[in-house]
Structures are given as structure tokens and as C-alpha cells.
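S.K.: Can you make the complete structure from the sequences, with help from the hints?
Here's the letter readout for the chains.
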Amino acid sequence: MDKRTTAAAVVAELRDGMTLGIGGWGSRRKPMALVREILRSPVKDLTVVSYGGPDVGLLCAAGKVRKLVYGFVSLDSIPLDPHFRRARETGAIEAVEFDEGMFQLGLYAASIRLPFLPTRAGLGSDVLRLHPELRTVRSPYADGEELVAMPALPLDVAIVHQNRADARGNAQYLGPDLYFDDLFLGAARRRFVSCEQLVETADFAKSGSLHTLRIHRGLVDGVVETPGGAHFTECPPDYGRDEAFQREYAAAAKGEEAWTAFRARFLDLAGEDEYREALRAWRGK
Amino acid sequence: MTAAAASPGPTRAEVCAVAVAECFRGDGEILASCFGTIPAIGARLARLTFEPDLMMTDGIASLAADVVPVSGPGASSAPVAEGWLPFRSVFDLLWSGRRHVIMIASQIDRFGNHNFACIGPHAKPKAQLLGMRGAPGNTVSHPTSYWVPAQTPKVFVETVDVVSGVGYDRAAAAGPSAQRFHEIRRVVSNLGVFDFATPDRRMRLVSLHPGVSLDEVRAASGFELAVADELAETRAPSADELRLIRERIDPEGLREREVPS
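Here the protein sequences come in this chain order: A and B.
What the first sequence shows, in my numbering, is residues 243 to 527, in sequence order.
What the second sequence shows, in my numbering, is residues 1064 to 1324, in sequence order.
Simulated from the structure, these hints should not be mistaken for lab results.
Note that this is a predicted model, so its numbers are computed, not measured.
Take these hints with a grain of salt, some might be off.
[What the hints assert, rightly or not] A few chain A residues that face chain B, going by a derived Cβ cut-off under 10 Å, partial list only:
no.: 1; residue: TYR312
no.: 2; residue: VAL315
no.: 3; residue: PRO321
no.: 4; residue: PHE326
no.: 5; residue: ARG328
no.: 6; residue: ALA329
no.: 7; residue: GLU331
no.: 8; residue: GLU336
no.: 9; residue: GLU339
no.: 10; residue: ASP341
no.: 11; residue: GLU342
no.: 12; residue: SER367
no.: 13; residue: LEU372
no.: 14; residue: ASP385
no.: 15; residue: LEU389
Think of the CB as a built atom: it goes at the ideal place given N, C-alpha and C, for glycine as much as any other residue.
M.R.: Set out below in C-alpha cells:
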């Protein structure tokens, strides 16, 4: 089956109020081209589930997020995304914050069709106080341990970014960490992969070992080729984080005027071709 | 730089680094995870001296076979990986208990409850900080210590606004599963070293850094501090330790930015 599609077609599947999972980690291998396409769309009131980076910041800044389910929101070299910070400090979004490990177990539970997974993480902390809907569960065995029952985090749609993919939806990561992209896809009803480059299936072996093929086509409904699609987050070995641009992004978040200018220059554009053109012009300045 | 014997005496930052290194004494072959410059120096120092089996990450997804300077590997020395440690493996490892983490405390109370999530109510915080991150899971899974680069009553607080890292009273209230692997080993601040070796697990001042008075520490604490019967002075770095810190671990002097002399 040929699953090649476009960013616009992926985003056309989103409906107001849906739960959207976004792969990657912080400012690392985020499906930013798809996020930018969401910014161009009228969709709103999303519940966003993410180990957040600028994906979350941009969606918050655009008023797309009603509820955020997260482990953290960081730009790595900048500890906190400034738009996320503002959204939190103005109470603009409902925040469902989990311990990073609990978050993984929620995705894992959803991906293997379990209602919850037990964990020690969360016991005694304010994660449980802040989310009274969370329950504990007692081990049925002799130990009798009482553990957190981390609920599954099912997703309507998941988007992740990989280095390579084929037309059938198999995908390959070539960086040091898969993060939890496979779990995001596994937890979702509709699953989309953007990639730096579409390749023939036989060519995966030229770029990396068998171990880099962690996303098989059974986990994927659509594939979008988006060169530079993780910009400005890192996507090694294809490219590192664009630290200069990330600083520009963070600085622009400090005031309304600067942000309006940033949006006009880099976001309120017709598509990725125009985005790359705007980047070329910015770098040439 | 000249030989340590002829170089100036230890700075406060260097004393703090040694105090952090001491947190790892006896840990053996576990992952030493550090946040902040002084903890990163301390863990490296422990590994290069009395805890040679400690494991460390390169901050990305590898276990580093060698001790890399805190400023990162130089151009001439490519770091050697001794293992692969993507985030998924970090969670497995920390839940298995083979880790000791040193986290920075934005707030900490007398029972070791820790906050770096936010200041003010969580629903609409006055200041959003890092968030919960891995602190809830870390603190109930393996030993945790804390680093406080600038101790004030706003950091050593009566009550933390949000509990990200679990303290002794909260672990006890949550029950045996929360307590089973819970250990807040030590708090190192720019002023002194603290533990929780009191009958009710309240924080206790164990040693003062050279040149710091008890009154100074009390004034920098927002709660009534227990004080060890035999209040000691934090041990000074040996000549060998000073040389390692200054020449091998932190030749660029990043430690001065975190704890200025």
C-alpha cells in the first residue's frame, strides 16, 4: 500500500477537541513541519500529549491547546519554552502534568491495550494530589504493594518525525535515541510519520543497521516527506538543533510586537517551501 | 596552571564539589546522574578517586567510558561510549534502583520534600519552573541528594508549594511502597551539608563549609534546623582532588559561575 501523503492531508484529519500525541523529546526530532501545518489550519481546542518542546510552545502561542498532558516542556539548551511558561502562568491551558516515567507508561499501556500499568512513580508526590482521578492498585501477590495505576493515554492522532521512511510506512531513525515515537504511534487511532527523506525499502540498510528500523508499517497510516521537517529542533545525523534560530524564537516570545513579527516572517506562510525560503533570507541577513 | 601545592587554597565552589563527591561514597556500580555544574564536578571527582565504578552518561544517550570535562569533550578527545542509554533505558535503570541522582532544589522543606515544578498554585503558577520532570519517580526508586547553589529562606522553606521530589513525611504517609526504596541521602548547599539522620527524619546540619557560621546557615533557612551534636567543618579538598578539579574536570572554571568566590 502506498501511504505517501501531504502535511495538509494529515492536518485535515484533525478535528476540534481531538487528542494529539507528538513524538520526539524536548527540542529533539519534533515533527515541526506538521506542527507548522497545524498552525495554518483552523483546528482548535486540542488536547496535546507530548514530551514537550517548541511543538507545545508554538501550539500554545497559537491558541490551539485547551489541555496539555505532559512530562515537561523544555527547549534543552533553554530550560523552559517561553510560550509554555506564559500559557501556564496565565492559566490559559489545563495542565495535566505527570512524572516523565509515568507518562511513558501511559503511552505504553494505551499501545498494548491495557487500562493502566502499575508503577511506584508518583507515590507521595503532588502528581496524585493534583490529579485526584488517579488511583492506586494493590498487588494481588504476597507483597501486597500499593502502587499507582497509571492510566492509559489513548490518542486520536499521533505525529512523529523520523530520518527515513518508505512509501509503505516503515520508518528509520538514525540518531542516538528513538525517544517514545513507537509508543505514540501505538497509542493512536490515526498515525502519521514525517521524514527527512523517502527511500526505497531496500535502501534502509545503506543508512543504518536493522536496529534502526523500529517503526514498522503496521504502526503507520500516512507518510509525509518533509526535508528539514524537524527544524529548528535537532534531527541527527541529518542536522543538529538550529540554536541561533531557537534563540530567535525564544527572544521573539518576550513581547507581542516581536512575536507578531516572528509569526509574519516564519509562520504565517503558505507552506514549507516558503518557510525554507524565509530561513534562507534570515540566515543571509 | 602551576602544581596544586603552589596554587591558591580551595574555593567555596571546590569545597562544595568535594561535598557532592562524598554523597556518592559507597555507591559502587550505579549510575550517577547530576544536574548543575557542581554536582557534575562532584560525581566526576568521586569516580576519579574513591568510587571508580560509578557510571555516567554523556548527557545524550551514551554511557561515557571516560571522565569528560564538565565543559564537554575537547576537540582532540572523542568521547568513548561504553554503552547505549536512551531515555527508555534510563527509566528502566532508575526504576531498578541502580542510580543516585542529584537534583537542584528550587524549594526544599525540613523533611526533604522538594519542588522544582512551579512557585504558587499549580493550576496558575506565579512562576513556572522546570516541572515535575522525573523527580516523583526518582525519589521513590533510588537514592536522591539535592544541590542548592544559593541557600536562602526562599529555598529552605517551611512548606514547598508543590511536591515534585518526595520527602520523608510524605513517603511515610503514602505507605510502604513509597518508602521501600526511598532515601534522601544528603543536601549540599553553598553554605553546608545536611542529612536526615534524626529520629523523625528532619533535616539536620552536619557540617559547615569553611568560613561559614551557624548563624549564617540559620538565617538562610526558612525553618528551624536540627544541628548535629558534633557539628563539623566540611572537609577541604586534598591536593590531589584540587588538581583533578582544576586541571582535569573543570579546567575552564565553570564552577565559579555557580558558586562565585
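S.K.: Any hints this thing doesn't respect? Which numbers, in order?
M.R.: none
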